[in-house]
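Chain by chain, the residues run as shown.
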Amino acid sequence: MFHSLRARLVAWSSALLAVALVACGALVAYSTWSAWLGEVDRGLATRMHSLTTAIRPAADGAFDVVVPTDVLPNPERDYYGIWDGQGHLILASHPDVAESVPSTGHVLRNSRREQVTSLASGMTVMVGRRIDNLETEIRRLVVAMTGVGVLALALVLGGGWWMVGRALAPIERISHTARSMIDGDLSARIPIPRVESELTQLAGVLNEAFDRLYASLERQRQFTADASHDLRTPLTILHAESHWALARPRSVEEYRASLDVCQRAAVRMQALVQSLLDLARAQSAGDSVRSLCSVSDTITAVVRDLQPIAAARHVTVTAGVCDGVVAADPISLMAAVTNLVTNAIQYNVEGGTVDITSTVADGWVDVAVHDTGVGLEAHHAERVFDRFYRVDASRDGRTGGAGLGLAVVAAFARSHGGTATATSTPARGSTFCLRLPAQPM
Amino acid sequence: MRILLVEDEADLARALARTFADEGWIVDLAGDGDDALTMARIGPHDLIVLDVMLPRLNGWDVLETLRREGYATPILLLTARDLVTDRVRGLDSGADDYLTKPFSPQELLARMRALVRRAAHQAGPEVMVGPLRIDTVARRVHGPDGELDITAREFAILSLLVRRRGQVVTRQEISDALYDDDTEVMSNTIDVHIGSLRRKLGPGLIHTRRGVGYLLDA
Chain A
1 MFHSLRARLV
11 AWSSALLAVA
21 LVACGALVAY
31 STWSAWLGEV
41 DRGLATRMHS
51 LTTAIRPAAD
61 GAFDVVVPTD
71 VLPNPERDYY
81 GIWDGQGHLI
91 LASHPDVAES
101 VPSTGHVLRN
111 SRREQVTSLA
121 SGMTVMVGRR
131 IDNLETEIRR
141 LVVAMTGVGV
151 LALALVLGGG
161 WWMVGRALAP
171 IERISHTARS
181 MIDGDLSARI
191 PIPRVESELT
201 QLAGVLNEAF
211 DRLYASLERQ
221 RQFTADASHD
231 LRTPLTILHA
241 ESHWALARPR
251 SVEEYRASLD
261 VCQRAAVRMQ
271 ALVQSLLDLA
281 RAQSAGDSVR
291 SLCSVSDTIT
301 AVVRDLQPIA
311 AARHVTVTAG
321 VCDGVVAADP
331 ISLMAAVTNL
341 VTNAIQYNVE
351 GGTVDITSTV
361 ADGWVDVAVH
371 DTGVGLEAHH
381 AERVFDRFYR
391 VDASRDGRTG
401 GAGLGLAVVA
411 AFARSHGGTA
421 TATSTPARGS
431 TFCLRLPAQP
441 M
Chain B
442 MRILLVEDEA
452 DLARALARTF
462 ADEGWIVDLA
472 GDGDDALTMA
482 RIGPHDLIVL
492 DVMLPRLNGW
502 DVLETLRREG
512 YATPILLLTA
522 RDLVTDRVRG
532 LDSGADDYLT
542 KPFSPQELLA
552 RMRALVRRAA
562 HQAGPEVMVG
572 PLRIDTVARR
582 VHGPDGELDI
592 TAREFAILSL
602 LVRRRGQVVT
612 RQEISDALYD
622 DDTEVMSNTI
632 DVHIGSLRRK
642 LGPGLIHTRR
652 GVGYLLDA
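Chains A and B supply the protein sequences, listed in that same order. Read in the numbering used here, the first sequence has 400 at position 400, and its numbers run on one by one without any break. Just remember that the numbering used here sits 441 ahead of the position in the second sequence, which is counted from 1.
Some hints could be false.
[What the hints assert, rightly or not] Covered, in the sense of this in silico footprint (three residues per stretch, anywhere, with C-beta under 8 Å from a C-beta of chain A), are these stretches of chain B:
#: 1; stretch: 448-460
#: 2; stretch: 613-623
[Unchecked claim] Just some of the chain B residues that point at chain A, by a computed CB distance under 8 Å:
#: 3; residue: D463
#: 4; residue: M494
#: 5; residue: A521
#: 6; residue: R522
[Claimed, not checked] Label pairs and their computed distance ranges (CB to CB):
#: 7; chain 1: B; residue 1: E614; chain 2: A; residue 2: H379; range: 45 to 51 Å
#: 8; chain 1: B; residue 1: V525; chain 2: A; residue 2: V195; range: 38 to 44 Å
#: 9; chain 1: A; residue 1: D260; chain 2: B; residue 2: G565; range: 38 to 44 Å
#: 10; chain 1: B; residue 1: E548; chain 2: A; residue 2: A169; range: 32 to 38 Å
Just so you know, the hints here were simulated from the structure itself, not pulled from any lab data. If you're wondering where the values come from, they're calculated on a predicted model, not measured in any experiment. Glycine is no exception: its CB is placed at the ideal position from the N, C-alpha and C atoms.
Full structure from sequences and hints, please.
Dropping the structure here:
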């Protein structure tokens, strides 16, 4: 595609130039020739006048002529002829002058220019000049112009080929980069030359698109890797623990401890699978599963469900209600609010409080969950909604969840046209806010 | 044989450590990358089983740091990532083997035995020493008159001497391979085991280098 585009561009511009050159050349040659011929004709007219005024008709059809010298200013080229009323050549300056009477007017033939005039006496007078030298000159001019034209065309062809090639080089780089991306090198980017042009802008736009695509693929890959890690680890524990227990007879206490380990692994896997299902549901909750949900009813139900966990950690949960209604998948809404409150309980200090407020304003329902926990550094607060993101980099099960709880909240908010945000003061506590479009009552 | 197990998942670490102990191996356990480096430098270990995803210093860094320091002990990487690029990176960074979670414990044990064998330049799982045939997988010793009755401790000493065949093995090295750091070892315990082993194997195999240690040579 690229090569034919280059060839087409160069061919078209060269063809246009060729037409222009030919037209120019023809115009120059024609006007030069006309100017020269006009000059010759003016000379012929002067000579004709001299000759005719020199002819003195006598009685009985005879005449008398004394040819003045200015009739033949250049005897090598100039000639004349005079015919009588009967058509007989009666005087000629040159043996080549034909016997027969020529027709009157200006004639150009055999490299000669002739003017023929009939006189009142019936005589015919002709003056002529050989102009083969002018024809040679005009031919030389045409050859010279053709040479210059061909040279100009060659320059335009070569230079155009080079310049168009340079101008289109980014396209080749773009296709080369795209090719290496197809081959799996997703980090390939189009090199952008320093000189700005439309194509460098295109390359910039494409690079940005590649970056986004790469980032989204990378997120997907990271998600898959994290999910598989979090499934593989408890599976490995199950494998290793059961292998050890079955290798030889063990004591009852040892069996009990082994089963305990196996159960913990199973619970971890179950929690992860549940989170993955929640996430999938929150991401894809379509209109068909949405219904009008009372925010305060949801909060009340969540608080009731989580009361035992809060009590076990000596955390007090308070909830302020509002009359906000949202159109949401009730299961995902429940999961999102549950995850927010669970998170606030889990990362709280012993004896701390979790304060849930909900407000309706400007067409939005805001559910804010405030805790008195350890809080988050700003760079953690930004990423805390990412899937599998954990503030503690070690990916073990000690802190409980798989790191998907807040990701479920964020996915739910996104798919329902809302937002999920976190603000935090380290060592003071955090506030997680879920904002959803309010439904008019 | 002394293994350094680096694994931050407490349940998995415990299960693997007990499985290794069943094999008669001594296990040192490190829960993060920093501890792993410290314990590996103190040594000596016959093998490191290293999880890649660790708190503080990850497994790649531990691996690369140790290899940069000239640490030559075989290292087996454990990871939950099974991308080819990860495997290539692991092996090219100086790991000797690579196992992806979830794995079967039998396979892990077999790979560990193979790594240790290779490090000791043993051709196969069975080693011939004079009239003895030693099976390092089944942990049995066959003499000219049938199988010898050898305890786990004695076998551990014998397999260490076999791995270092023709070289002097110090009493400290034997003690490191037999006991973890929490066990108080009496000064003559090693001599007692060696004496018993010598009686069972017959004369002319285990030689004493006074003041240095012992050496196996047929």
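Per the CB criterion, is R522/B less than 8 Å away from chain A?
6 Å, holds
Verify the CB-CB distance for E614/B and H379/A against the hinted window 45 to 51 Å.
48 Å, holds
Using the Cβ atoms, figure out if E548/B sits within 32 to 38 Å of A169/A.
Distance hint for E548/B, A169/A is violated at roughly 54 Å.
Is the interface hint for M494/B satisfied, with its Cβ closer than 8 Å to some Cβ of chain A?
With a minimum Cβ separation of about 6 Å from chain A (threshold 8 Å), the hint on M494/B holds.
Quick check: the stretch 448-460 of chain B, covered by chain A? Criterion 3+ residues, Cβ under 8 Å.
That given contact holds, which follows from 10 residues of the stretch 448-460 of chain B lying within Cβ reach (below 8 Å) of chain A.
So, D463/B near chain A? Judge it on the closest CB pair being under 8 Å.
Since chain A brings a Cβ to about 6 Å from D463/B, closer than 8 Å, the hint holds.
Holds or violated: 38 to 44 Å for the Cβ distance of D260/A and G565/B?
Cβ of D260/A to Cβ of G565/B: about 40 Å, so the range 38 to 44 Å holds.
Chain A over the stretch 613-623 of chain B, status - at least 3 residues with CB closer than 8 Å:
violated (count 0)
Classify the hint on A521/B as holds or violated, based on whether any CB of chain A lies nearer than 8 Å to its CB.
4 Å, holds
38 to 44 Å was suggested as the range; check whether the CB atoms of V525/B and V195/A agree with it.
41 Å, holds
Violated hints, in rising order: 2, 10; the structure is consistent with all others.
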